[in-house]
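Start from the sequences and build out the full structure, keeping to the hints where you can.
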Amino acid sequence: MKVIELKNLSKIYNPETIPVRAINDVTLSVKEGEFTAIVGPSGCGKTTLLNMIGGLDISSEGSVEVGGVSIQDMNESQLTAFRLQHIGFVFQAYNLIPVFTAKENIEFIMVLQNMDAKTMQERSDDLLDRMGIKNQKNRRPSELSGGQQQRVAVARALAARPKFVLADEPTANLDSGSTEDLLDIMAKLNKEEKITFIFSTHDQRVIDRAKRVITLEDGVIISDEHR
Amino acid sequence: MILSLAWKNIWRSKRRSFVVMSAVAIGVWSIIFMVSFYNSMTGAISRNSLQHDYSHIQIHHEGYLSEPGLGFQVKNPSRLLEFSSQISDIEATTGRLIVNGMVASPKTNLGIQVYAIDPANEAAVTDLPSFIIAGDYFINIKRNPILLSQKLAEKLKVKVRSKVVITVQDLEANIRAGAFRVSGIFHSKSPRINNGVIYLRHEDLSKLINLPDTAFNEFAYLLKDNESLIETKQMMEAKTNNMVRTYREIAPEFDMIEEGSAISKQVITVIVMLALLFGIINTMLMAVLERTKEIGMLRAIGMFKRKIFLMIVLETFMISLVSAPVGLMAGFLTNVYFEKNGGMDLSQYAGALEQYGGDAIFYPQIAQSTYLLLMLVVMMTALIGAIYPAIKAVNLKPLEAIRKL
Chain D
1 MKVIELKNLS KIYNPETIPV RAINDVTLSV KEGEFTAIVG PSGCGKTTLL
51 NMIGGLDISS EGSVEVGGVS IQDMNESQLT AFRLQHIGFV FQAYNLIPVF
101 TAKENIEFIM VLQNMDAKTM QERSDDLLDR MGIKNQKNRR PSELSGGQQQ
151 RVAVARALAA RPKFVLADEP TANLDSGSTE DLLDIMAKLN KEEKITFIFS
201 THDQRVIDRA KRVITLEDGV IISDEHR
Chain A
1 MILSLAWKNI WRSKRRSFVV MSAVAIGVWS IIFMVSFYNS MTGAISRNSL
51 QHDYSHIQIH HEGYLSEPGL GFQVKNPSRL LEFSSQISDI EATTGRLIVN
101 GMVASPKTNL GIQVYAIDPA NEAAVTDLPS FIIAGDYFIN IKRNPILLSQ
151 KLAEKLKVKV RSKVVITVQD LEANIRAGAF RVSGIFHSKS PRINNGVIYL
201 RHEDLSKLIN LPDTAFNEFA YLLKDNESLI ETKQMMEAKT NNMVRTYREI
251 APEFDMIEEG SAISKQVITV IVMLALLFGI INTMLMAVLE RTKEIGMLRA
301 IGMFKRKIFL MIVLETFMIS LVSAPVGLMA GFLTNVYFEK NGGMDLSQYA
351 GALEQYGGDA IFYPQIAQST YLLLMLVVMM TALIGAIYPA IKAVNLKPLE
401 AIRKL
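Quick mapping for you: the protein sequence lines, in order, are chains D and A. With our numbering applied, the first sequence covers 1 to 227. With our numbering applied, the second sequence covers 1 to 405.
None of these hints come from the bench; they were simulated from the model. By construction, the Cβ of each residue, glycine as well, lies at the ideal position given by its N, Cα and C atoms. Among these hints, one or two may not hold up.
[As the list claims (entries may be wrong)] Here are some of the chain D residues that sit facing chain A, going by a computed Cβ distance under 8 Å:
id: 1; residue: ASN51
id: 2; residue: ASP57
id: 3; residue: SER77
id: 4; residue: ARG83
id: 5; residue: ILE97
id: 6; residue: VAL99
id: 7; residue: ILE109
id: 8; residue: VAL111
id: 9; residue: LEU189
Here you go:
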C-alpha cells in the first residue's frame, strides 16, 4: 500500500526573478513499511523534498498524496491537522520542549490530539520502554544525552501513531554509539510494527541500514535503489 | 498541558520574568498608594468643609441667595429648631444670623462676615471650640465676646482680650457699631472661615442691630451620616416653606473636588497601565523571538495557531496573576502600616495643604472594591499586552523555523 505518492513534483524558488529549481520533476512513491534514505550532496534538495512530503512547504508543480489524500490544496489549518494526525517528525537538533520532561514531551503531541489520559499514559510508558529510556522519563532534555534526546524525539514522533516518520538528518548530532542505538530502535520498529521511516541523511551508517536509498542531485532523482 | 507549558515557560528566563513581575507589582502598589493618597486628601478637604463649615444641610429664606443679609430671614425659625427632635437622622442644629461688616482694631480694619451664633449649638454642629488655639470659647469675657481666626488676629494685630469694633448695618441700613473683646483665637480647618469669618453671640448682635432673639437667616444641620442626606432634605422640604439645600448644592466645589480626584486617579492609572502594557509587550515579544525555533517546531508537529496564541496569552496572564496580588498586598500593607502608625505625616507641607482645607496627616483610604477593580484592570492590560506577541508567534512559519534547525 502506497503511503506517499509524488507526481512530477517541482519546487521553484524565486520564480519571477532568478528561478532556482530545488526539486525538478520528481515522481516517487513510498510503500507502507519502507525504511528509506534520501541521500545526496548538500543543496541537492533532500530537505526541500522532505518538507513538501511533510506539508511544511508547497510544491510549485506536481502533486503530493499522503495515504491517498492530496495535500496540495489544503489550507494552513488543514495542513496542521494533517501533520498532527498523519506525520511524525524527527529533527536533527532534537527540538524537544526544554521545560518538559521526556515523558511530557512524548505526551504533549497526544494532548494536541485530544487523546484520553489513560491511553496517553499507557502509550507514553510503552514508548519510553521501547526506546530504552524509561528510567529517564522524568528528566528534562538538558539532563539527557544527545542520543537519549533523539530517542525521546522518535518516541514523540511515534506517539501520534503517524502514517510515517520523516527524519531530517536524525543522526547528524550523535556519536557513533548513539547512532547505532537509535538506528537499532528504528529498524526494530520498522521490522516489527511496519512503521514507515523516511530519512534525509549524509550519514553512511544510516545509508547502510536503509532498505531503499534514493539519491538526489540538483533536485533530480538520479538513482533509486531497493535492497 | 498547555497551561502547564505556559507556566513552565514563564520560569525559563527567571530574571526577565522577575523584572516584569516586579514592574507589575510596583505599578499596582503605586496605583493603590496614589489612589489612597488622593482619597485621603480629597476626603479630608470635603470632610473639613462639611463638618466645620457648611454642614450637611442648610436652610435659608428663598430670597437669601439673591440678596444675602438681614432682609431675608428664615420663616418660622422655632419650627426649624424642632427638626432635631422630629427627624432622627439629624445629629445637631444651629441657627445663625449672618451679616457683612467691618472689624476695626487700633491698627487696621478689615471687611468680614459676622456669624452671630448660639455657642452651644454651634459647637455641636461645627466643633468650633476644638479649633481654639488661644483664649477660650466665649467663657471668660462676659460682655460682647468675639472669636477671631488666627489669620485675622494677625492682620488686625490683636490678641486675646484685645478690644475690636464691629460695624454692621441694621435692617434699615443704619450703621451700627459695637465694641467687642477677643475671647478666643481659632484656627479652623476651613480656609473660608479662617480668611474672613468672625463669631460672636447671637444675643449680642441682636442687641446691636435691634433684632429679636428669634431672628436667623441661616440654619445648619449636621446629620448622623451622609447616607440619609437626600431623604432628610426631602423630609425637611415637606415641613418648611424655606429653601433647603444640601452641602453639594451650596458648594459645587465638593463635586469638583471629587470629579477632579477621580480624573487624576484615572489618569495615573492609565499612565501606569500604559507603562506596564509596553513592558509586558516588550517582555513577551522577547520571549517569543527567543523561542522562534521552538514555536516553529510546535507548529510543524501539529500545534494549531489558536493553541499557540492561547499559550502566549496564558503566559502573560499568569505573569500578571502572580504579580498583581503581590502589588495589591503590598499596597494593602502600606495602608495598614500608615493606619496603625498615626498616618503619613506631611506637616512640612501643612501650610499648602491648609490652603485647600486639607489635613497635614494623611490616613490612606481606599474602597475594598478598588482592589478587585485594579486586579481586573491589570488582567485586562495583560491580555491586551499579550495580543501583539501572540500574533507574532502565530504568524511564525514552521518551515522557516525548521530551516533554522
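* To do: Have a go at the ILE109 (chain D) hint: is there a Cβ in chain A nearer than 8 Å to its own Cβ?
  => Constraint on ILE109 (chain D) satisfied, holds at 6 Å.
* Would you settle whether the hint for SER77 (chain D) is holds or violated, based on the nearest Cβ-Cβ distance to chain A being less than 8 Å? => holds (7 Å)
* Asked: Given ASN51 (chain D) as an interface hint, is the shortest Cβ-Cβ distance to chain A below 8 Å?
  -> holds (6 Å)
* Asked: With 8 Å as the cut and Cβ atoms as the points, is ILE97 (chain D) at the interface with chain A?
  -> holds (7 Å)
* Minimum beta-carbon distance criterion (8 Å), ARG83 (chain D) to chain A -> Holds - the Cβ of ARG83 (chain D) comes within 8 Å of chain A, reaching about 5 Å at its closest.
* If you take the shortest Cβ to Cβ gap from LEU189 (chain D) to chain A, is it below 8 Å? -> violated (18 Å)
* **Status of the hint placing VAL111 (chain D) at chain A (closest C-beta pair under 8 Å)** => Hint on VAL111 (chain D): holds, closest Cβ of chain A at ~4 Å, below 8 Å.
* Mind checking the CB of VAL99 (chain D) against every CB in chain A and telling me if the closest is under 8 Å? => holds (4 Å)
* Asked: If you take the shortest Cβ to Cβ gap from ASP57 (chain D) to chain A, is it below 8 Å?
  -> holds (5 Å)
Hint compliance for this structure: hint 9 is the single one not met.
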